[in-house]
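Protein sequence lines, in the order shown, are assigned to chains B and W. Going by numbering that gives the first Met the number 0, the residue at position 539 of the first sequence is 538; the numbering climbs one at a time, nothing skipped. Going by numbering that gives the first Met the number 0, the residue at position 369 of the second sequence is 368; the numbering climbs one at a time, nothing skipped.
Under the rule of at most 35 Å between Cα atoms (straight-line distance), these lysine-lysine pairs were calculated in the DSBU-like manner: (1) K103(W) to K330(W); (2) K103(W) to K31(B); (3) K330(W) to K7(B); (4) K274(B) to K538(B); (5) K266(B) to K122(W); (6) K266(B) to K127(W); (7) K103(W) to K34(B).
To spell it out: a stretch of chain W is covered by chain B in this simulated footprint if at least three of its residues, at any positions, have a beta carbon under 8 Å from a beta carbon of chain B; those stretches are: (8) 25–32; (9) 41–54; (10) 65–78.
Hints were generated in silico from the structure; no laboratory data involved. Only a predicted model underlies this, so the values are computations on that prediction, with no experimental measurement involved. Idealized CB from N, CA, C, for every residue including glycine.
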Amino acid sequence: MLKNMFKKTYTKIDTKYHTNTIPADLWRKCNKCGKPIYIEDVYENHNICPKCGGYFRISAYRRINMIADADSFEEWDCEMEISNPLQFPGYEKKILAAREKTNLNEAIVTGRVQIGGYPAVLGVCDARFLMSSMGHNVGEKITRAVERATKEKLPVILFACSGGARMQEGMISLMQMAKTSAALKRHHEAGQLFVSVLTDPTTGGVTASFAMLGDIILAEPGALIGFAGPRVIEQTIGQKLPEGFQTAEFLLEHGFIDKIVKREEMKKILTNILKLHNGRTEYAYDAKCSQRVTSVSQLKGTRQMKARIRSAWDSVQLSRKTDRLAASDYIGALFDDFIEFHGDRYFKDDGAIIGGIASFRGIPVTVIGQEKGKTTKDNIFRNFGMPSPDGYRKALRLMKQAEAFNRPIICLIDTPGAFCGIEAEERGQGEAIARNLFEMSSLKVPILSIVIGEGGSGGALAMAVANEVWMMENAIYSILSPEGFASILWKDSKKAGEAAKVMKITASELKELGVIDRVIPEEEPANRDTLPMITEKLKQSMTEFFETWFDRDAEDIVNNRYDRFRKF
Amino acid sequence: MNEAGEDMFQKILVANRGEIAVRIIRACREMGIKTVAVYSEADKEALHTMLADEAICIGPAASSESYLDMERILSACVTMKADAIHPGFGFLSENARFAELCEKCGIRFIGPSAEIIHKMGNKSEARKTMMEAGVPVIPGSKNPVFTIEEGLKTAKEVGFPVMIKASSGGGGKGMRISESEEDFEINFQNAQMESIKGFSDNTMYIERFIERPRHIEFQILADRHGNVVHLGERDCSIQRRHQKVLEEAPSIAISSELRARMGETAVRAAKAVGYENAGTIEFLLDQSGNFYFMEMNTRIQVEHPVTEAVTDIDLIKEQIRIAAGEELSVKQEEINIVGHAIECRINAEDPEKNFRPCPGTITELHLPGGRGIRVDTAVYNNYRIPANYDSMILKLIVHDKDRASAIAKMRSALGELVIEGVKTNLDFQYEIINNPDFEAGDIDTDFISKYFTK
Numbered sequence: 000m001l002k003n004m005f006k007k008t009y010t011k012i013d014t015k016y017h018t019n020t021i022p023a024d025l026w027r028k029c030n031k032c033g034k035p036i037y038i039e040d041v042y043e044n045h046n047i048c049p050k051c052g053g054y055f056r057i058s059a060y061r062r063i064n065m066i067a068d069a070d071s072f073e074e075w076d077c078e079m080e081i082s083n084p085l086q087f088p089g090y091e092k093k094i095l096a097a098r099e100k101t102n103l104n105e106a107i108v109t110g111r112v113q114i115g116g117y118p119a120v121l122g123v124c125d126a127r128f129l130m131s132s133m134g135h136n137v138g139e140k141i142t143r144a145v146e147r148a149t150k151e152k153l154p155v156i157l158f159a160c161s162g163g164a165r166m167q168e169g170m171i172s173l174m175q176m177a178k179t180s181a182a183l184k185r186h187h188e189a190g191q192l193f194v195s196v197l198t199d200p201t202t203g204g205v206t207a208s209f210a211m212l213g214d215i216i217l218a219e220p221g222a223l224i225g226f227a228g229p230r231v232i233e234q235t236i237g238q239k240l241p242e243g244f245q246t247a248e249f250l251l252e253h254g255f256i257d258k259i260v261k262r263e264e265m266k267k268i269l270t271n272i273l274k275l276h277n278g279r280t281e282y283a284y285d286a287k288c289s290q291r292v293t294s295v296s297q298l299k300g301t302r303q304m305k306a307r308i309r310s311a312w313d314s315v316q317l318s319r320k321t322d323r324l325a326a327s328d329y330i331g332a333l334f335d336d337f338i339e340f341h342g343d344r345y346f347k348d349d350g351a352i353i354g355g356i357a358s359f360r361g362i363p364v365t366v367i368g369q370e371k372g373k374t375t376k377d378n379i380f381r382n383f384g385m386p387s388p389d390g391y392r393k394a395l396r397l398m399k400q401a402e403a404f405n406r407p408i409i410c411l412i413d414t415p416g417a418f419c420g421i422e423a424e425e426r427g428q429g430e431a432i433a434r435n436l437f438e439m440s441s442l443k444v445p446i447l448s449i450v451i452g453e454g455g456s457g458g459a460l461a462m463a464v465a466n467e468v469w470m471m472e473n474a475i476y477s478i479l480s481p482e483g484f485a486s487i488l489w490k491d492s493k494k495a496g497e498a499a500k501v502m503k504i505t506a507s508e509l510k511e512l513g514v515i516d517r518v519i520p521e522e523e524p525a526n527r528d529t530l531p532m533i534t535e536k537l538k539q540s541m542t543e544f545f546e547t548w549f550d551r552d553a554e555d556i557v558n559n560r561y562d563r564f565r566k567f
Numbered sequence: 000m001n002e003a004g005e006d007m008f009q010k011i012l013v014a015n016r017g018e019i020a021v022r023i024i025r026a027c028r029e030m031g032i033k034t035v036a037v038y039s040e041a042d043k044e045a046l047h048t049m050l051a052d053e054a055i056c057i058g059p060a061a062s063s064e065s066y067l068d069m070e071r072i073l074s075a076c077v078t079m080k081a082d083a084i085h086p087g088f089g090f091l092s093e094n095a096r097f098a099e100l101c102e103k104c105g106i107r108f109i110g111p112s113a114e115i116i117h118k119m120g121n122k123s124e125a126r127k128t129m130m131e132a133g134v135p136v137i138p139g140s141k142n143p144v145f146t147i148e149e150g151l152k153t154a155k156e157v158g159f160p161v162m163i164k165a166s167s168g169g170g171g172k173g174m175r176i177s178e179s180e181e182d183f184e185i186n187f188q189n190a191q192m193e194s195i196k197g198f199s200d201n202t203m204y205i206e207r208f209i210e211r212p213r214h215i216e217f218q219i220l221a222d223r224h225g226n227v228v229h230l231g232e233r234d235c236s237i238q239r240r241h242q243k244v245l246e247e248a249p250s251i252a253i254s255s256e257l258r259a260r261m262g263e264t265a266v267r268a269a270k271a272v273g274y275e276n277a278g279t280i281e282f283l284l285d286q287s288g289n290f291y292f293m294e295m296n297t298r299i300q301v302e303h304p305v306t307e308a309v310t311d312i313d314l315i316k317e318q319i320r321i322a323a324g325e326e327l328s329v330k331q332e333e334i335n336i337v338g339h340a341i342e343c344r345i346n347a348e349d350p351e352k353n354f355r356p357c358p359g360t361i362t363e364l365h366l367p368g369g370r371g372i373r374v375d376t377a378v379y380n381n382y383r384i385p386a387n388y389d390s391m392i393l394k395l396i397v398h399d400k401d402r403a404s405a406i407a408k409m410r411s412a413l414g415e416l417v418i419e420g421v422k423t424n425l426d427f428q429y430e431i432i433n434n435p436d437f438e439a440g441d442i443d444t445d446f447i448s449k450y451f452t453k
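Using the sequences plus the hints, can you model the full thing?
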């Protein structure tokens with residue numbers, strides 16, 4: 000419109016034009032989004048692209064700086080002679096070049112460290128050194144570090160990152176897989192913790208050995224993790240691989256990773272894990288807490304003990320209410336430092352079961368709950384609280400983990416029943432439930448199961464082979480839904496109300512039958528507003544549970560549980 | 000060549016758009032400096048694009064990919080061989096990293112150093128710096144408070160009434176005023192509860208609540224030779240949701256004695272941080288004439304023309320000269336405030352629909368003119384206002400011998416201004432100008448919420 004209509008005003012003749020000199024090392028190109036990024040921004044942002052959020056690989060020492068307490072790292076085995084078992088031509092030259100380029104002796108740095116004040120043995124792979132492939136020296140450094148950790152009773156944390164075995168060392172390289180795994184087995188049997196952190200890329204022989212053996216396996220977002228590399232798979236099967244295949248997220252969904260941790264949160268999470276594996280901290284009966292309960296009940300006045308005689312059908316309906324407190328509500332209110340762990344390590348991570356570690360008044364515990372979900376989307380993700388075999392296997396895995404680290408187990412039960420579907424049968428729903436009953440009966444740590452909503456049959460029992468089973472006042476626990484019961488016995492599911500009456504499924508009835516041990520009173524309505532009051536009461540009861548079970552020996556705990564179920 | 004042995008810039012890249020870009024290009028044209036405009040795909044036909052000597056497209060309409068993209072703007076600067084960048088206001092003007100990058104690439108950033116931008120951009124650090132320089136700040140808790148007891152203790156130290164503020168709060172959420180000890184507990188609880196519910200954060204701050212304050216800001220200029228002057232104040236109390244709507248200079252609430260005192264404080268503040276270039280120090284002024292530092296803006300301000308009108312100093316040209324290493328063209332004693340100036344911001348927005356931005360094509364445009372009337376705008380007939388940017392399209396500035404004459408002039412000029420095709424806040428401005436309390440000068444920062452809440 001007005002283009003080229005304005006007259007120019009400058010009169011000076013351009014004799015000298017400013018020539019800008021841009022320093023070469025100010026920017027780099029992001030290899031994920033391709034945009035130019037300011038190097039200092041990347042550094043300040045934990046080596047994550049500030050524009051696309053893509054993760055850059057980082058050197059071993061930078062990683063150590065990110066997670067270790069200042070000046071706490073003491074490096075082990077920094078001098079290792081070059082190992083060239085096959086006398087492979089040119090290999091030593093290659094190693095020397097890598098050493099020169101990286102200032103590292105080998106592809107992994109190991110040593111002793113403090114993270115958030117907790118001591119640990121740390122190993123960090125560095126991809127700049129021959130793609131951090133595992134030859135003799137890498138395997139040896141890991142094995143020595145693990146052995147020393149076992150001896151000194153320290154947890155081990157390994158940041159894995161590798162292209163796999165080191166080809167130039169042939170079969171000796173393959174043997175490192177067995178060697179490192181065997182050392183970790185001994186570490187495990189000594190009751191010591193191993194946390195594996197998978198970073199981009201973790202493939203080949205490293206995935207098939209130490210990287211996948213963590214008691215807890217963490218991963219960085221977007222990391223490539225797999226046994227066979229994607230290109231090899233594509234060439235072999237002659238198909239294009241789906242988007243997101245072999246990423247950390249893919250593995251999480253398929254049950255092989257406990258948690259994806261952002262780089263900026265890694266130190267916090269590791270500190271928390273170490274803290275929860277460092278024994279009891281401050282267990283003491285909190286007098287202040289009980290006082291608070293009294294004042295709360297005083298506040299509520301006389302309403303508390305109002306007539307609570309209601310029909311069994313009322314309880315059924317209350318236990319199914321959509322705003323009823325869910326396992327996640329209880330977990331948030333009862334415990335501190337909860338870290339959720341995912342996956343069954345076989346096939347999938349089941350949304351219907353939430354589990355992980357946390358602390359109850361300073362005592363590390365494993366807590367596992369059945370979760371129905373609060374919104375429609377959440378309901379679908381959680382499958383309405385109906386666990387699949389993968390869910391029960393996840394629960395069992397976490398219970399075994401609790402046993403290994405001598406943590407009491409708390410199960411929160413709220414399920415209409417185990418998931419009934421084709422996939423569930425394909426993967427052995429019956430076997431999964433049976434396996435839980437079988438294994439739980441002999442776990443050497445105290446187990447407390449609390450039915451917080453619906454306790455639907457075998458799906459509930461698979462998490463209720465406990466030393467004590469409690470129920471919330473308006474929860475139900477039954478062989479079958481009243482609707483199902485009515486339709487089987489009377490061919491009319493509409494008679495569910497009558498069925499509920501005769502089935503004896505309410506907390507008070509089951510207490511009389513001896514199926515459960517304790518009824519926890521609820522404020523009404525039991526929802527998020529009354530949560531603090533309900534959980535205060537629950538906390539008191541749980542404190543009593545811990546006092547009863549704390550110092551009993553394993554045999555006593557197992558026998559008690561055996562007898563508890565033997566009597567029926 | 001100037002006294003410092005540096006040459007005036009040959010070519011300046013204007014890293015902005017709209018009326019401020021046009022304003023800067025005009026200053027450069029008057030100074031005989033070549034200009035480079037950068038523009039987004041939505042601004043191909045914008046006035047700044049066409050008025051500049053050269054123009055270069057730096058990306059799509061979204062500002063994050065054009066006017067906010069440092070790498071693209073720096074590349075443009077290198078390609079077009081410009082030796083300085085004027086950032087205007089908004090966009091990258093107060094981005095310390097951008098200033099730092101310019102410096103590293105040998106491009107002069109027309110504004111203060113990255114270090115000062117960073118320091119003044121951090122509220123708590125700015126407050127600390129000012130306290131150290133003896134500039135009064137709003138009394139308040141130095142450290143966050145978490146409990147009623149801590150809060151009450153601080154409130155007593157600070158003196159009632161107090162403002163209880165959530166650290167993560169915003170838009171009035173997690174904010175309460177407590178008049179006295181009696182209503183402190185309930186207000187503190189409510190504010191904290193809101194913050195916990197809204198932001199999952201129980202960190203609170205307590206500060207003195209200033210009743211019916213005026214927003215008074217002082218324009219300062221500082222060169223690299225240690226000269227600092229102030230150019231008097233602007234009264235920006237007429238605000239809607241913390242957005243300035245109308246500004247004037249001088250303020251009716253400020254005596255020449257108070258002006259001297261506040262101006263001297265502003266100069267001291269600027270010296271304390273080693274400031275260079277144009278800047279603004281914002282104060283809250285209470286009903287009894289006490290003033291408190293709020294923040295420092297390290298850039299040219301939207302409302303700079305009112306200061307230009309009453310001081311007869313071209314602030315943009317001063318900015319460019321300062322950046323080129325020259326000394327200030329004026330001394331403090333040479334600065335006189337003459338007459339009274341008012342600026343109305345005209346925005347393409349719909350007052351009927353809660354001032355929602357209202358982009359579109361201008362079908363009819365008539366601009367007022369005459370003695371003492373200035374229009375800064377980048378719109379023209381048939382111009383299409385893109386939806387991607389700020390809705391301010393025009394600034395109408397009047398200057399006359401006193402406040403009453405200036406108001407009369409503004410009333411006439413607003414009446415003459417015609418913008419068709421898009422909704423604007425023109426009538427809203429007209430109502431403000433005709434408000435008896437405004438005419439009487441009885442205004443504070445609550446003026447608009449008091450008279451114009453529906």
